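Undergrad: Mind docking these for me? Both chains are given alone in their own frames, and the hints should help you get the complex.
Here the protein sequences line up with chains Z and C, keeping their order. Numbering-wise, the first sequence is residues 1 to 281 according to this note's numbering. Numbering-wise, the second sequence is residues 282 to 481 according to this note's numbering.
If you are wondering where the hints come from, they were derived from the structure by calculation, not from laboratory data. Fair warning: there could be bad hints in the mix.
[As the list claims (entries may be wrong)] Within a straight-line C-alpha distance of at most 20 Å, the following computed SDA-like cross-link-like pairs (lysine to any residue) qualify:
(1) K330(C) with P172(Z)
(2) K330(C) with L246(Z)
(3) K330(C) with L2(Z)
[Unchecked claim] Label pairs and their calculated CB-CB ranges:
(4) L448(C) with R245(Z): 51 to 59 Å
(5) I393(C) with A5(Z): 26 to 34 Å
(6) L2(Z) with G308(C): 36 to 44 Å
(7) A423(C) with R104(Z): 36 to 44 Å
(8) N283(C) with R247(Z): 58 to 66 Å
(9) K450(C) with L48(Z): 22 to 30 Å
(10) W292(C) with L19(Z): 27 to 35 Å
(11) R130(Z) with N283(C): 34 to 42 Å
(12) A5(Z) with L455(C): 29 to 37 Å
(13) L19(Z) with K450(C): 42 to 50 Å
(14) E239(Z) with Y384(C): 19 to 27 Å
(15) S72(Z) with L285(C): 50 to 58 Å
Quick caveat, the model's predicted, so the values are computed rather than measured. Think of the CB as a built atom: it goes at the ideal place given N, C-alpha and C, for glycine as much as any other residue.
Residue-level listing of the chains:
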Amino acid sequence: MLAIALVAATALALAPTRLTRWAGWLADPVTFVIQPIAHPVTRATRWLLPERDALGIDDPRVRALALERDESRRSLRQAELRIEQLERQVRDLQSGVPVAPGARVRQIWAPVTGRSSNLGDGSIRIGAGRAERIEEVVSVATTRGVHLVGRVIEVRAQTAWILPFNHPGAGPIEGVVLAGATLAEGFGCLLRGRGDGSLEGDMVADARGIEAGQLVRLRDEAWPEIAQMLVLGRVAEVERKENGRLRVVVIPEVDPARVSEVVVRVPEAAPGLPAGAGGGG
Amino acid sequence: MNWLVFFIGAWVMMGLELGLRDGLALGPTGGAPSFALIYLVFVALSSPKRTAMWAGAGVGLLLDLTRALPAADGLRVVTTIGPMTLGATLAAYTVVQVRGVLYQRNPFTGPIVVAVAVFLAHLLGIATLELRSWYDSAVDLAAVREVARSALTAAYSAGVALLLGVLLKPILPLLAAAFQFDTTPSAWRWGHGRRASSHR
Chain Z
1 MLAIALVAAT ALALAPTRLT RWAGWLADPV TFVIQPIAHP VTRATRWLLP ERDALGIDDP
61 RVRALALERD ESRRSLRQAE LRIEQLERQV RDLQSGVPVA PGARVRQIWA PVTGRSSNLG
121 DGSIRIGAGR AERIEEVVSV ATTRGVHLVG RVIEVRAQTA WILPFNHPGA GPIEGVVLAG
181 ATLAEGFGCL LRGRGDGSLE GDMVADARGI EAGQLVRLRD EAWPEIAQML VLGRVAEVER
241 KENGRLRVVV IPEVDPARVS EVVVRVPEAA PGLPAGAGGG G
Chain C
282 MNWLVFFIGA WVMMGLELGL RDGLALGPTG GAPSFALIYL VFVALSSPKR TAMWAGAGVG
342 LLLDLTRALP AADGLRVVTT IGPMTLGATL AAYTVVQVRG VLYQRNPFTG PIVVAVAVFL
402 AHLLGIATLE LRSWYDSAVD LAAVREVARS ALTAAYSAGV ALLLGVLLKP ILPLLAAAFQ
462 FDTTPSAWRW GHGRRASSHR
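Chain C extracted, bound-state conformation (with noise of 0.2 Å):
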């Protein structure tokens, strides 16, 4: 993958997130879509685990440093490194485990990895939050209403990710080409292309 392409990307996708979230939220639940993470679903389908890996870090990480979680006394901002960075990590992984078997020409399988992958994401920052207000007294959090939330979030994350599919089909063939993707299946699914021939 072309890591100087892959950054442009979570740059841009990462300004959609902060920048339409807002406006897309549906009211006062707080779900919106997360751009940066159907972002990482589209890179984690066409790349090598690793490489999908490292690009849900980074990914993760991004999410965590725009993160402003209020303190239990309400009174400052804590700003948390890893929970969402483990969970992007854990929702790339997770894409590229189920790759293999999807059959990625029906347009709902994109959406449906986005759903799941989004809550996933989601569910591990969520638990790693709440494993650490057990002793963190600056961090509270509600952990039903943000896995209610999240799984508002992932849903609509679907949606989102149904229409880009629907609009970016055109130019996928240019959008690979500029990630470098390597398009066989096989080259995905096993990782190192010399490994696929020997499985043929």
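Next comes chain Z alone, as it looks inside the complex (with noise of 0.2 Å):
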């Protein structure tokens, strides 16, 4: 008996991921039963141990943020304003059909509930899922509102995993380091993870102005449209490279792999449309 069970693993173990989506199903009861022992145990250890970046009401950081959601809300009512007019444009236009409603985003909060058994592994599984009509790879994580935490990769009914933006794992991601105030002053790089939680990559030729300290936000069409300009982290390191192009490393200001909670970002079609088709023209 031990001896067709062993064989059987080896051939588990060895067949093609085609033909064992199966096992993701039995994952599910799994947690779902080790959850009463886990989920307290990680809420005790976050509570002795808090996070690294948790800062104070009166720290300037905090207060930085602070002004930069108001300014950042300021900015997205004259945006709503602008596009408001633009859309009667477009309805006027068009003898009042609408074209392309625009996407929008429902927000869902959700605790990190573990992570994969091994760490190295980088998955973030959070406590809500289908149930919470999350939807995979065009629903993205946020944290503090502003900052990115990663992607949904996989949607269960009542979890989800999230594989956090700087994992190796993730692959490359364009961003944009803002040199000055506004994002005509911004100049794209290609990051990928380093592995120690940083990310390193090229900027583009052009680029001038680059300093440490500054922010670097997302803008990666290969990301859902929802989660441009989420804040990717900041410049730590600029260096020169021989053939002339800036290097870069990045820090994120709130490490994925530390957060104990989140923000999920879903979009919403408009009603009739599926989600995530709002994007487009």
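TA: As structure tokens, then:
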């Protein structure tokens, strides 16, 4: 019997993923059974070992963020007003038929309930899933409203898995380093996780004025529209390579591996449209 | 061995495995103690060979099912059954094979066995996934980095095992009774009491 079990385990271990997709279904009940122990222990650990980036309300960085938030709100209101005016113009031009009313975003708060049993995988499990209408690939997780945590890569009944954007397995990610106050003074860069939490990559050829401390935001068409311009981190190091290009090291302001809760941004299409279809023309 | 007690113990240790690893992780290295494999070594040190190997397969299966390996494209999760099942079974088998020559009164014996068992279990798991990545495009593993992380995990687990050994020493007889372990060395050395007595 043991020999049969081991042969079966060997066959399953070596079987291609397309033949073993059903294994994912077994994971949910196992997780469900283990959660009553794992979750309280995780909470207790977080209470005893608080996040390294926990900041007090009086911290100047928190005040700076609050200012940034207020400024963003103001910009958002202006942008909404402008969009409203433009949509009205489009409707007028198209005899009242709106084209691509624009993807709306639904935000769902979810606690981080665990991680992969192999920490090197980097995946984070959250306590929200299909029941909250979270969708794979097109949904992203954020924290503190503007900081990107990662992409939702698998959704199950009550849980979902997120792959942090700074994990090497997440692949390259395009960002824009804001060398000034506006996006016009931003320069693109292609970053890749180094495995220690930071990201590294080359700037575009004409980049100038890049310094340590500058904010890096996401601008990557491979990521959903609702994730664009979320904060990736700040430039920590800048060096010029032999070919003249700048190479930057970016450190996330919030370590995705240490967050205890996230806000999942899910694109919500207008009635009648499938989710994620709202951004198209 | 009392399997009901084993399953309750496995449930608690898997809870600690998943709940504590995040907080105890050594920064970005990802090295963290493996409570489930420490538990497996504890069981394998005192169980008959086949029982220990079944326990290894069970613990390994739980580790496989709670693992979320990102696919090579970074857009989904691959759940694998087998790599850690085989790895933990090999770990249990190794413990059974070497326990006869161990001096178990030395407090460092257990932790050293834990280090070897944890490293072996992970090594076989990594080797299996690496082999699979040759023809399965969904699996992509940085094998060298994973081996380094496994070595760190093994050393860290040994440290935790040492601490647990000291803390739990007063209740070890109680645990042995609950698990219904046969504590006579010859019993676990040869697997059957009758055969053991014939060797004496």
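Undergrad: List in ascending order the numbers of the hints, as given earlier, that are violated by the structure.
TA: 1, 2, 14
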